[in-house]
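Residue strings, one per chain:
Protein chains: 2
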Amino acid sequence: VESIPPSRAPQPIDREWCVAADAADPLAPLRSRFQIPDGLVYLDGNSLGALPVAALERVDRVVRHEWGDGLIASWMQAGWMDQTLRLGDKLAPLLGAGAGQVLICDTTTINLQRLLTAVLERSPRRVVVTQKENFHTDLYAASGVARMLGAELRVVPRAELAPALDDSVSVLMLTHVDYRTGEMHDLRKLTEAAHAVGAMALWDLCHSVGAVPLALDDDEVDLAVGCGYKYLNGGPGAPAFLYVAARHQARLDSPLRGWLGHREPFAFALEYAPADGIRRHQVSSPSILGMAALEAALDVFAEVEMAELREKSLGLTATFMDLVESRCAGSGFRLATPRDPQRRGSQVALAHEHAYGVVRALIERGVVGDFRTPDIARFGFAPLYIRFIDVWEAVERLAGVLADSAHLDGRHVVRAAVT
Amino acid sequence: VESIPPSRAPQPIDREWCVAADAADPLAPLRSRFQIPDGLVYLDGNSLGALPVAALERVDRVVRHEWGDGLIASWMQAGWMDQTLRLGDKLAPLLGAGAGQVLICDTTTINLQRLLTAVLERSPRRVVVTQKENFHTDLYAASGVARMLGAELRVVPRAELAPALDDSVSVLMLTHVDYRTGEMHDLRKLTEAAHAVGAMALWDLCHSVGAVPLALDDDEVDLAVGCGYKYLNGGPGAPAFLYVAARHQARLDSPLRGWLGHREPFAFALEYAPADGIRRHQVSSPSILGMAALEAALDVFAEVEMAELREKSLGLTATFMDLVESRCAGSGFRLATPRDPQRRGSQVALAHEHAYGVVRALIERGVVGDFRTPDIARFGFAPLYIRFIDVWEAVERLAGVLADSAHLDGRHVVRAAVT
Numbered sequence: 004v005e006s007i008p009p010s011r012a013p014q015p016i017d018r019e020w021c022v023a024a025d026a027a028d029p030l031a032p033l034r035s036r037f038q039i040p041d042g043l044v045y046l047d048g049n050s051l052g053a054l055p056v057a058a059l060e061r062v063d064r065v066v067r068h069e070w071g072d073g074l075i076a077s078w079m080q081a082g083w084m085d086q087t088l089r090l091g092d093k094l095a096p097l098l099g100a101g102a103g104q105v106l107i108c109d110t111t112t113i114n115l116q117r118l119l120t121a122v123l124e125r126s127p128r129r130v131v132v133t134q135k136e137n138f139h140t141d142l143y144a145a146s147g148v149a150r151m152l153g154a155e156l157r158v159v160p161r162a163e164l165a166p167a168l169d170d171s172v173s174v175l176m177l178t179h180v181d182y183r184t185g186e187m188h189d190l191r192k193l194t195e196a197a198h199a200v201g202a203m204a205l206w207d208l209c210h211s212v213g214a215v216p217l218a219l220d221d222d223e224v225d226l227a228v229g230c231g232y233k234y235l236n237g238g239p240g241a242p243a244f245l246y247v248a249a250r251h252q253a254r255l256d257s258p259l260r261g262w263l264g265h266r267e268p269f270a271f272a273l274e275y276a277p278a279d280g281i282r283r284h285q286v287s288s289p290s291i292l293g294m295a296a297l298e299a300a301l302d303v304f305a306e307v308e309m310a311e312l313r314e315k316s317l318g319l320t321a322t323f324m325d326l327v328e329s330r331c332a333g334s335g336f337r338l339a340t341p342r343d344p345q346r347r348g349s350q351v352a353l354a355h356e357h358a359y360g361v362v363r364a365l366i367e368r369g370v371v372g373d374f375r376t377p378d379i380a381r382f383g384f385a386p387l388y389i390r391f392i393d394v395w396e397a398v399e400r401l402a403g404v405l406a407d408s409a410h411l412d413g414r415h416v417v418r419a420a421v422t
Numbered sequence: 004v005e006s007i008p009p010s011r012a013p014q015p016i017d018r019e020w021c022v023a024a025d026a027a028d029p030l031a032p033l034r035s036r037f038q039i040p041d042g043l044v045y046l047d048g049n050s051l052g053a054l055p056v057a058a059l060e061r062v063d064r065v066v067r068h069e070w071g072d073g074l075i076a077s078w079m080q081a082g083w084m085d086q087t088l089r090l091g092d093k094l095a096p097l098l099g100a101g102a103g104q105v106l107i108c109d110t111t112t113i114n115l116q117r118l119l120t121a122v123l124e125r126s127p128r129r130v131v132v133t134q135k136e137n138f139h140t141d142l143y144a145a146s147g148v149a150r151m152l153g154a155e156l157r158v159v160p161r162a163e164l165a166p167a168l169d170d171s172v173s174v175l176m177l178t179h180v181d182y183r184t185g186e187m188h189d190l191r192k193l194t195e196a197a198h199a200v201g202a203m204a205l206w207d208l209c210h211s212v213g214a215v216p217l218a219l220d221d222d223e224v225d226l227a228v229g230c231g232y233k234y235l236n237g238g239p240g241a242p243a244f245l246y247v248a249a250r251h252q253a254r255l256d257s258p259l260r261g262w263l264g265h266r267e268p269f270a271f272a273l274e275y276a277p278a279d280g281i282r283r284h285q286v287s288s289p290s291i292l293g294m295a296a297l298e299a300a301l302d303v304f305a306e307v308e309m310a311e312l313r314e315k316s317l318g319l320t321a322t323f324m325d326l327v328e329s330r331c332a333g334s335g336f337r338l339a340t341p342r343d344p345q346r347r348g349s350q351v352a353l354a355h356e357h358a359y360g361v362v363r364a365l366i367e368r369g370v371v372g373d374f375r376t377p378d379i380a381r382f383g384f385a386p387l388y389i390r391f392i393d394v395w396e397a398v399e400r401l402a403g404v405l406a407d408s409a410h411l412d413g414r415h416v417v418r419a420a421v422t
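Top to bottom, those sequences are chains D and V.
Here the numbering used here = 1-based position in the first sequence + 3.
Here the numbering used here = 1-based position in the second sequence + 3.
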């Protein structure tokens, strides 16, 4: 069932219902924990999450006091040295992961390279299976690693994933929620399918972490990566994360390694010896400024249950879809996001011939979504700070844009936005 | 000649001369651009540079306004998207590099992996030569890449580098200034030696950039990497850099790649096609908070000539060595840093049986240096903010520590420092 608080919505949904839904929303107070520009309807938190107010103070403290006053001593005294593990354990509950399996470090793509090389360097199997709809950095990283290690990257359409799995497959590498359509894979089932042929499952969680409940341990996921700057709200270019299930940690020893993954980094030994546990996948010093903002962002999540967030997220996306269908009917939109709540993340994608122009026109009217080639208008609903009234306003303005047929010509609108 | 401003120093150097040297130092006003805790003699800027005061405001502006108010639009409107190249060009003069050859991204070790795999994946030659005194993360990264690509890492003592070069060598990978001893290689000569056997020279500039004039283009260096947080003062875990000489850019295509190195990142193409120029080595979104601090740090360098900085740096290190020899004679120290100004960077290393205890005792007395295993007390002199009076104070307190024989027992001092 699609749960839309506070009660079953009228059809068509009206503005009053959205106001009432916000008034009844137990998560509504969390919006004040973010800096949201007045009047802006920000439906792009799936690209860059909003600023947690606490990050301002925390980053300033880290710069002014930990760096400025503490200087080199802060690596120990301010706990910088342990942050990759400590923040990993702080993120772990959002992943459904027990302690000691998550490291905060580097970027999603770099972490993907690190884990893929670790598996492929030693696996007798030479195939990585992925889908062609995957976000392209994953495809580029995997094809680069495959080229380097003489492996094969098998790129198939989403619908052909199951038949692509056979006993030559080393890794099934997928993104949980599709960055364009918002369609969500059945993570547990596909992980089982990988295991059934003796392969590992490596999940990119960029578009699910912080928006969708995850149960990596229970679902027996092997490996995962994801970013810190979308629904996690860690800031532009925030540190990313990687997950290695405890059962694999002792044997996965990536060739893409550095001194902070050494068993004794300060022994300055000539030979590399990997640390026990997840720390062996750390390479270099983390970005301490980035870590500060990310920690402030993670602290907001400590106050909510993912199930509650998910319920609100589904309510927001269902309301948006209902309103678009009732108020923008006949405007040439096609819903590219599944209606089934089991099969969508926290975004709604609308396919339209003039999607680019519509997105530009909406931005001019204070509704920020984004365009994804070739014809997708994409709207993300970060449940920590998006309200039902924002959904109403977004569709109100969308209907206005569509009613003004001049704006349906993308070229016209692009000129208008540039000048 | 070792140039010690403002005039030839008396022997032994006295406190008054140090005061006069600061008064005559044309770079002295730059110290006010940094936040230096009162009374602290910070000789560890070669590990973590001091905070540029302007970074406080700049980081706050980026967090509060660019991220908080501008949100996703800041990737274009605040120029985030071009920062890796723009800041690369800002750093380039410090490297003696023309525009379009430097990228600010990721970490030193990761950049080393990226460049080493680019060369080794396609080179028929299978050997990387390096020295065993190299900083160990470079050794671990190179041995990991070599293992993965079936290459050989030939690790030899510093004195045996020349005979280790033969026509099997693909890359000579060296650190310009030794992290322990401060000894500096003849970069031009070793680059020539690599070229003479048909190999490329890859330099790690972590301990030279910002302290030692570099001329990568004139010296025909092929590849280089380095960090942003030592003499550059970019902050803890600051973004690093990589340099690829223009003549190599078209053919070096690293398998460790990502979407921002694609020719058209927003075309979302299935197949990877590397961008022209240095941008092909960018993988992911940069840490925007880290970039903000680093840019404030680089702006300070725009006001000085590296030759002038180098002159002061040599004056500081020569003064320190003179004072240690005149005031700490007979205390069991051995100077591990070359006296020859052509052969040292901007640090002085003292070898001593109780180096660990001495460093701890000095820290208690407000002089921050660091210990490097097994017996090195290391002192870095960042010429942008270290004064001659700091050198005097450091040796004054060092002499005091050495005179108090109880502190020469490392174990005693460790206990004292912990409690």
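Everything labelled a hint here was simulated from the structure, so no lab data went into it.
Any given hint might turn out to be false.
Each pair may be met inside one copy or between any two copies, as identical chains are not told apart.
When the alpha-carbon atoms are kept at most 20 Å apart in a straight line, the in silico EDC-like pairs for lysine to aspartate or glutamate are as follows [unchecked claim]:
id, residue 1, residue 2
1, K192, D92
2, K135, E267
3, K93, E163
4, K135, E274
5, K93, D17
6, K135, D220
7, K135, D92
8, K192, D85
9, K192, E155
10, K192, E306
11, K192, E367
12, K93, E124
13, K192, E356
14, K93, D41
15, K192, E19
16, K135, E396
17, K93, D25
18, K135, E356
19, K135, D302
20, K192, E60
Here is how each hint holds up against the structure:
{"no.": "1", "hint": "K192 with D92", "verdict": "neither (26 Å within a copy, 49 Å between copies)"}
{"no.": "2", "hint": "K135 with E267", "verdict": "between (41 Å within a copy, 17 Å between copies)"}
{"no.": "3", "hint": "K93 with E163", "verdict": "neither (36 Å within a copy, 48 Å between copies)"}
{"no.": "4", "hint": "K135 with E274", "verdict": "between (40 Å within a copy, 10 Å between copies)"}
{"no.": "5", "hint": "K93 with D17", "verdict": "neither (40 Å within a copy, 54 Å between copies)"}
{"no.": "6", "hint": "K135 with D220", "verdict": "neither (27 Å within a copy, 42 Å between copies)"}
{"no.": "7", "hint": "K135 with D92", "verdict": "neither (32 Å within a copy, 36 Å between copies)"}
{"no.": "8", "hint": "K192 with D85", "verdict": "neither (35 Å within a copy, 41 Å between copies)"}
{"no.": "9", "hint": "K192 with E155", "verdict": "neither (24 Å within a copy, 42 Å between copies)"}
{"no.": "10", "hint": "K192 with E306", "verdict": "neither (30 Å within a copy, 60 Å between copies)"}
{"no.": "11", "hint": "K192 with E367", "verdict": "neither (42 Å within a copy, 59 Å between copies)"}
{"no.": "12", "hint": "K93 with E124", "verdict": "neither (31 Å within a copy, 38 Å between copies)"}
{"no.": "13", "hint": "K192 with E356", "verdict": "neither (34 Å within a copy, 61 Å between copies)"}
{"no.": "14", "hint": "K93 with D41", "verdict": "neither (31 Å within a copy, 36 Å between copies)"}
{"no.": "15", "hint": "K192 with E19", "verdict": "neither (40 Å within a copy, 77 Å between copies)"}
{"no.": "16", "hint": "K135 with E396", "verdict": "neither (35 Å within a copy, 64 Å between copies)"}
{"no.": "17", "hint": "K93 with D25", "verdict": "neither (29 Å within a copy, 48 Å between copies)"}
{"no.": "18", "hint": "K135 with E356", "verdict": "neither (22 Å within a copy, 61 Å between copies)"}
{"no.": "19", "hint": "K135 with D302", "verdict": "neither (35 Å within a copy, 44 Å between copies)"}
{"no.": "20", "hint": "K192 with E60", "verdict": "neither (43 Å within a copy, 50 Å between copies)"}
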